[in-house]
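Chains as they are written, first to last, in the working numbering: chain A, 1 to 337; chain U, 1001 to 1337; chain V, 2001 to 2337; chain W, 3001 to 3337.
Each hint should be verified, as a subset may be incorrect.
[Stated by the list, open to error] Beyond 10 Å from chain V on every Cβ pair, some chain A residues (computed):
(1) 40
(2) 108
(3) 204
(4) 214
(5) 247
(6) 266
(7) 283
(8) 301
[Said to hold, decoys possible] For lysine-lysine, the following DSS-like pairs were computed, each having C-alpha atoms within a straight-line distance of at most 30 Å:
(9) U:1043 with V:2136
(10) W:3043 with A:5
(11) A:143 with V:2233
(12) V:2248 with W:3233
(13) U:1221 with W:3005
(14) A:20 with W:3020
(15) V:2233 with A:233
(16) W:3304 with A:3
(17) W:3097 with U:1325
(18) U:1331 with W:3331
(19) W:3043 with A:3
(20) A:143 with U:1143
(21) A:3 with W:3005
(22) V:2233 with A:248
(23) U:1331 with W:3221
(24) V:2020 with U:1044
(25) V:2143 with A:233
(26) V:2020 with U:1005
(27) A:233 with V:2331
(28) A:3 with W:3233
(29) V:2107 with A:233
(30) W:3141 with W:3105
(31) U:1248 with W:3331
(32) V:2043 with V:2136
(33) A:20 with W:3005
(34) A:221 with V:2020
(35) W:3097 with W:3221
(36) U:1247 with W:3005
(37) W:3141 with V:2248
(38) V:2221 with V:2107
(39) A:247 with V:2247
By construction, these hints were calculated from the structure, which means they are not laboratory data. The beta carbon of each residue, even a glycine, is placed where N, CA and C say it ideally should be.
There are 4 protein chains.
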Amino acid sequence: MEKLKVGIIGAGRIGQVHAKSITYHIPQAEIVAISDIYVDGAKKVAEDLGIPNYYEDYHEILNNPEITAVLICSSTDTHADIAIEAAKAGKHIFCEKPVDLTIAKIKSVIDAVNEAGVKLQIGFNRRYDHNFAHIKDLANKGKIGELQTIKITSRDPEPPPISYVAVSGGIFLDMTVHDFDMARFIGGEVEEVYANAAVTVDPAIGEAGDVDTALVALKFKSGAIGVIDNCRKAVYGYDQRLEVFGKKGQASAANDTPTNVEFIDENGAVTDKPLYFFLERYMQSFTDEMTEFIDCVLNDKETKTTVYDGLEALRLGLAAKLSVKENRPVKLSEIEG
Amino acid sequence: MEKLKVGIIGAGRIGQVHAKSITYHIPQAEIVAISDIYVDGAKKVAEDLGIPNYYEDYHEILNNPEITAVLICSSTDTHADIAIEAAKAGKHIFCEKPVDLTIAKIKSVIDAVNEAGVKLQIGFNRRYDHNFAHIKDLANKGKIGELQTIKITSRDPEPPPISYVAVSGGIFLDMTVHDFDMARFIGGEVEEVYANAAVTVDPAIGEAGDVDTALVALKFKSGAIGVIDNCRKAVYGYDQRLEVFGKKGQASAANDTPTNVEFIDENGAVTDKPLYFFLERYMQSFTDEMTEFIDCVLNDKETKTTVYDGLEALRLGLAAKLSVKENRPVKLSEIEG
Amino acid sequence: MEKLKVGIIGAGRIGQVHAKSITYHIPQAEIVAISDIYVDGAKKVAEDLGIPNYYEDYHEILNNPEITAVLICSSTDTHADIAIEAAKAGKHIFCEKPVDLTIAKIKSVIDAVNEAGVKLQIGFNRRYDHNFAHIKDLANKGKIGELQTIKITSRDPEPPPISYVAVSGGIFLDMTVHDFDMARFIGGEVEEVYANAAVTVDPAIGEAGDVDTALVALKFKSGAIGVIDNCRKAVYGYDQRLEVFGKKGQASAANDTPTNVEFIDENGAVTDKPLYFFLERYMQSFTDEMTEFIDCVLNDKETKTTVYDGLEALRLGLAAKLSVKENRPVKLSEIEG
Amino acid sequence: MEKLKVGIIGAGRIGQVHAKSITYHIPQAEIVAISDIYVDGAKKVAEDLGIPNYYEDYHEILNNPEITAVLICSSTDTHADIAIEAAKAGKHIFCEKPVDLTIAKIKSVIDAVNEAGVKLQIGFNRRYDHNFAHIKDLANKGKIGELQTIKITSRDPEPPPISYVAVSGGIFLDMTVHDFDMARFIGGEVEEVYANAAVTVDPAIGEAGDVDTALVALKFKSGAIGVIDNCRKAVYGYDQRLEVFGKKGQASAANDTPTNVEFIDENGAVTDKPLYFFLERYMQSFTDEMTEFIDCVLNDKETKTTVYDGLEALRLGLAAKLSVKENRPVKLSEIEG
């Protein structure tokens, strides 16, 4: 079996997730090299997983002719530039989200990818989650019928550090962006966005210029309506639910939990909290998105989650920001695309 | 509309339940009189519900030619004798369970009822419970297929007073008798019984000659197998479940709860305990069994829960007692029938 | 025991519900008379329930000095005028919702009630639903903590006739009005409303000038945010859910179902649909609201659901209508109050 | 880090499961060699997973001084002999269940292991299942209180081939043996067994001298009572549940399912069937038991699941067989031990 030769740029948390997925679960690929500006991090991952090369400079990966595809897992601000370089080097690209926080940069990536004729898949892993993928499948099969209302709940167990909040682009670009992609995954293109936002978790988040609790109302081009509700902190953990209501029925995904045990005593019946955070809840989806990327490259298929999806999620985030700023519904067409 | 004229013998807890059911929910019947050896109790119920007559002596009910049917809600030891008298008086009879704790007495009742040509319905109200009746309906419709395993869980929130335990006939005649009837309702006739029993709740129950925790294995004539598990006390309340497994599927009934609210916090997700005890859990079933009895009398239909069902439940209870005593499976044919 | 003497104006569906509640479940009150412009309807209810008087003209109820309280269950357009007359006649008033579709009329009722010093309770029965009342109780006890997000789902099993839609005042005044009251019941006063609306169920509803699917985003004065989603038709039945998220936890109410039976076979595990419609789902709440009204009158307590609550729910509905019309968030202060 | 050097004997389904667990998930161990009498099978696994050596003859593993521990994953009839040889060769042993179908052979293994002073862990993987381990943990912490009733449901999605049934030792040694171990894991030692058994799935199983549906009642030495219900076929899939009732509460484990999605339409609310069979349901437990074994060897800890546990499970199976044969409860003391 021909194996896809892969290089990983960035050996942090998500880079390690992908490195383990490929090493342990995807026999169709092998990792030839890993790089990180903290080269000791790259070295450790390489040693643990038997990756033959590690570098400080990602250009060594781009210049390696043996490598067919790269995974861009570096810090967000470097995604677009590296992607453009990788495209020029003729590498297929798996790029972590977000591609960039500006539309112009993303369009440069789109241009570079188109010119080079390489594939680029965005790491919107939630599309590969067992629950959400099953709902998408029910919708595709026509079980739900014409969609009417799409509801997404997405809450984190803990807010990020205030230092991160300040550079994150704000809740809509940092957190809701995944939910915008889920909204488009299920409901198709969005026409208009209205966002309610508040600071209810931590005043320091407000002082940093952001909000921590939000409700985004959506009008889809199809005529369906949608709502996303976010919070930076839920005391009971990572709350990730989806409810899709249509003319033939409703599909809803409850949270995943560590066990299916119920304990009942005089205080009531107690079951588990959700799995703690994204690494626990979405672990399988990271493997599944990578498996699909590798299959697309090896077998020359279209990727289902493209840089265009990254662009549209960003535009929805910008529309939500504008909606809060001006306290009015914002048409997506108002946002450069 | 012709209304059925009813007399109630016994104005205690269950007599009041039936009196209210008829007054408030069954327009096809009216209560003409109520009696109780504590006549003040009968008087109070009569006044509260607008019943025109109350008596100390139930013979006044039996002698009232206006009355077509009687409900026997007096103490267990009087059921059989009153039923025989009522039959001789030509009254249709609704009799609370158990009819009696001896087979001979029950057979006298059967003879009296047959001779008089009156109807007698036994108050096995659980057959009318919304959950269990729905499972029976699924079985009747063939959804479950040929039955293979029937499992009944039946636990009380609190044991009865020790003084009651001593005269109750023991757990198998007092508590399991309802479950034996449920087993027969779902699975048909039983061939053999084996009972495991223990004292785990209160040593005083053991000292009173009884057990408080039991497991009864059943062989049905159909070839199916069954199990009943009982306990005199569950700290979380009244546990009443049924699980019926067959070649085409399984139906199971969870407990009913006061609300469908879930509260989740860092300690997990909490839902309600079951409804507290039989008056809460089975209230609707008391009305439904009475509605059926009145319909049977008014429209000359066969009652579905007869004195024969009372006899068979008693025989199963006696078989279970013998099984524990001799620590062996007991064929139902060993018990006089 | 002194019984409250009650007259019922309107013998239609909801009038009958209240008549039965009082007759069967509320011994502290008795119905002296019932009226309906279709006098045969009043006559039938009177005969069935043993109500001594029935009238065509409700003035006979208002003029009856024996009657202390009236229930206004006539058609919506008559509520306000009858309420004013009743107040002037010194009767305490239970008035079905909505009081009126105009603010001016409701204010006249408020004036009349205040002048006469009588009590007026509005029939927002959902506040008395076992699930929602339990969530309110959890909130009151501080279990949920400071409220952050309130989500209400409210869908009907079938749309009303088009003829009704045309005169209903529109979905926000007719259907969402209950959800606005629930939002205020849980979250307190609302500051701003934004409504998304669509016609997805039946084009004829759009032709009648209404919408059938809606999403209303709320900003509460407390800083919490909320969302209501409505649809005139859910194929699986009456969908009535509430989710209240706060800093200490989340409480959510699932739908009530006819049974708690699960049937599992090779196609999956199947449980019941929700109870069909409001008479099934909210039956107990109708009794409970009436019990409270009667208690308030008998014992001179404040009613918890006042005509002011009716006014505020109407204003929220009008704000939602304006929001859709002008496609912008609308401050409640823009609506006359 | 010192890695434990492991050899695997048997490259069939379960041997592959363990080989993958160690390769992908247990960095503390490495597989030095794998053997199988079908040497091509061993070769393929070795190549896929990068195992340096493969053999036809397991003696090459036993004779390899580099290897510290062996996994015995060959056919059941060879387990005991290989285990004895391995012990004599000074290897620590992980042995798949059952060790043997005769008590004498298991006792020889116990003797050999004791003499050699090596560790032997039995592959009762269900003890490591997330749900059951959580219940055990609740019991250990005293949450459940003194145990009163233990109920185990264990049904397969499909019966094995009749050819296998004929040599399997019968349902109690082949299938219930896992449940007997679970019963002991939770409830401690058993004193008496009574088994009800029937052929309800396939008459061919009866013709092969076995039964396919069973109910085993247990008396524990502690005074608790228990019941296991088995069936060779459930149309809805692999049914693996546990319910533990005690004086302070009840813990129960529901089945695991592929997703947590509910779809509701006019036919009701549908959720997933259980995960198909043991490889899906118990995959993580295979990794977890192996992790513990490797930890025990590396750090000289006692294994928690010993050959004694294998012996006791076998004795319970033999007691159940005798119970069915003689239709009576059988004391475990009647079975050689």
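Hints the structure fails to honour: 4, 5, 9, 12, 13, 15, 16, 17, 28, 29, 30, 31, 32, 34, 36, 39
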